[in-house]
Structures are given as structure tokens and as C-alpha cells.
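Enquirer: As they're listed, the protein sequences go chains A and B.
So for the first sequence, the working numbering puts the first residue at 7; every next one is plus one.
So for the second sequence, the working numbering puts the first residue at 7; every next one is plus one.
Wrong hints could be hidden among the right ones.
Heads up, the list lumps identical chains together, so a pair's fine if it works in one copy or across two of them.
What the hints assert, rightly or not - With a cut-off of at most 25 Å between alpha-carbon atoms, the simulated DSS-like pairs for lysine-lysine come out as follows: (1) K59 / K72; (2) K59 / K119; (3) K108 / K122; (4) K108 / K72.
If you are wondering where the hints come from, they were derived from the structure by calculation, not from laboratory data.
2 protein chains.
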Amino acid sequence: MSFSEVLKELSEGVPGSRGAAVVGMDGIIVEEAAVEPGVDLQSVGAEYGNLLKGAQAASSSLAIGKTEEITISAERAWLVMRRINEDYFIALLLSPESNMGKGRFLLRMAADKLIKEF
Amino acid sequence: MSFSEVLKELSEGVPGSRGAAVVGMDGIIVEEAAVEPGVDLQSVGAEYGNLLKGAQAASSSLAIGKTEEITISAERAWLVMRRINEDYFIALLLSPESNMGKGRFLLRMAADKLIKEF
Numbered sequence: 007m008s009f010s011e012v013l014k015e016l017s018e019g020v021p022g023s024r025g026a027a028v029v030g031m032d033g034i035i036v037e038e039a040a041v042e043p044g045v046d047l048q049s050v051g052a053e054y055g056n057l058l059k060g061a062q063a064a065s066s067s068l069a070i071g072k073t074e075e076i077t078i079s080a081e082r083a084w085l086v087m088r089r090i091n092e093d094y095f096i097a098l099l100l101s102p103e104s105n106m107g108k109g110r111f112l113l114r115m116a117a118d119k120l121i122k123e124f
Numbered sequence: 007m008s009f010s011e012v013l014k015e016l017s018e019g020v021p022g023s024r025g026a027a028v029v030g031m032d033g034i035i036v037e038e039a040a041v042e043p044g045v046d047l048q049s050v051g052a053e054y055g056n057l058l059k060g061a062q063a064a065s066s067s068l069a070i071g072k073t074e075e076i077t078i079s080a081e082r083a084w085l086v087m088r089r090i091n092e093d094y095f096i097a098l099l100l101s102p103e104s105n106m107g108k109g110r111f112l113l114r115m116a117a118d119k120l121i122k123e124f
């Protein structure tokens, strides 16, 4: 299953999704699927890419293992990021009216599918 | 209700909790309640304090409002951080066997109580 198929299935599977992307730890997007027009996933990747890297450094320093997932709830958007491997993560951008639980569940499924592609 | 009472109620209310703390955005702990012996909340605050600050900067730059909450799932620990105001947040450290949903719910209640104390 290609990156774009996995991302499309993920972002269309969660009502209230704004888009999904495979992102490098440097914040640069490899592939994206925007559901809502006008959503700038490039900027989201650039702004939040460093955060997952910072969290990885923190969890490693605290000896609590790899950081697998981060969720961020802002007033007008939610973001769930899940580690694929050392270098890449998958991100799902949601509206605050959406179902974060379903988003997290489908994101985990999508990450499992993508791991096989790397 | 004092900081320590709120933190004690929070950390004892979630089975699998390791502790809770009120932390400054600089990562320095104001008050803490460790449930599990040997848990070093000071180090957790220091390692993750910057993350919430980074997320606030990102959400502000993307014009999606204030960052209200961050959850981090590492292999051997979960952390939920919730913004109290510009300068402080409340953090709850959980074991991966605990109930993150209940943790997030009680953390929100605790943050609402603490806002009145600042």
C-alpha cells in the first residue's frame, strides 16, 4: 500500500480530519493528504517536527524508552504524531470537534502499514 | 485548595499514576506529589518543560490558538501536561498500564482548580 493510499485512508477515516502526512524528523513532508482545502501541512510539519525530536531526546535521557506518540491540543486544532522509525513520523491534523480517540487508533494502524514500506 | 492537596487528589485518583507536579515553563517544579517511590519529577520537568514552550510557540505561529494540552507516550512512561497560564503547567506522569483517558480528565479538573490559586 503506497504512502498516499495509507494517508488518504487515514485522513478520510476520521470525521473532522484536516489532513495527514508522513514527515521527516527535520520537519520536511515526504507525502501528504490534505482533506480540508487551504490546510498548510508543510507549515505544521515545520513547526512541530522539532517537537518530536525534542521528546525523543527527553525520553532517551530519562531512560523511559522511545517516544511513540505525541498529541497536542491547541484551541483551534489538534495534532497527533506517531513515530514510524528513527527518521520519520506520521502526523494527523484534526479539528477540535473530531474524535481524537478514533484518530489515534487509525494513526497507529497507518503507522504499522507504513513501517513495512521503509 | 492548596497546590499539594490538588496534586495529591489528582495523582491518587488515577490508578497507575507515578506522580503529579505544578511546573514553570522553565521546567522548574513549584510543587509535586510523587506516588511511586524513586520517581524523579524534577528531571521530568526539566526534560519536558521546554516542549510545552515549543508547542506554544508553534501553535501561536500557526494561528491555531493557545496550546492547552500535550500527551507523550514513551515505551515505559506516559506524560500529560496541561497549561495553567502563560507561565505554569500541571503534569501527570503515568505508567503505560494506567488509564490515560481518566488521567486527562482529572488533570483538566485539577488545572481548573489551580487557575483560581494563581
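Enquirer: Each of the hints needs a verdict: does it hold here or not?
Expert: Do the hints match the structure? See the list:
1. Within a single copy, K59 and K72 get their C-alpha atoms as close as 11 Å, and across copies as close as 21 Å, so both meet the 25 Å cut-off.
2. In the homo-oligomer, the alpha carbons of K59 and K119 lie at most 25 Å apart inside one protomer (22 Å), although the nearest pairing across protomers, at 32 Å, exceeds that limit.
3. Taking identical chains as interchangeable, the C-alpha atoms of K108 and K122 lie at most 25 Å apart only when both belong to the same chain, with a minimum of 22 Å there against 33 Å between chains.
4. Taking the closest pair of Cα atoms, K108 and K72 come within 25 Å of each other both inside a single copy (23 Å) and across two copies (23 Å).
Figure legend: structure checked against the earlier numbered hints; every hint is met.
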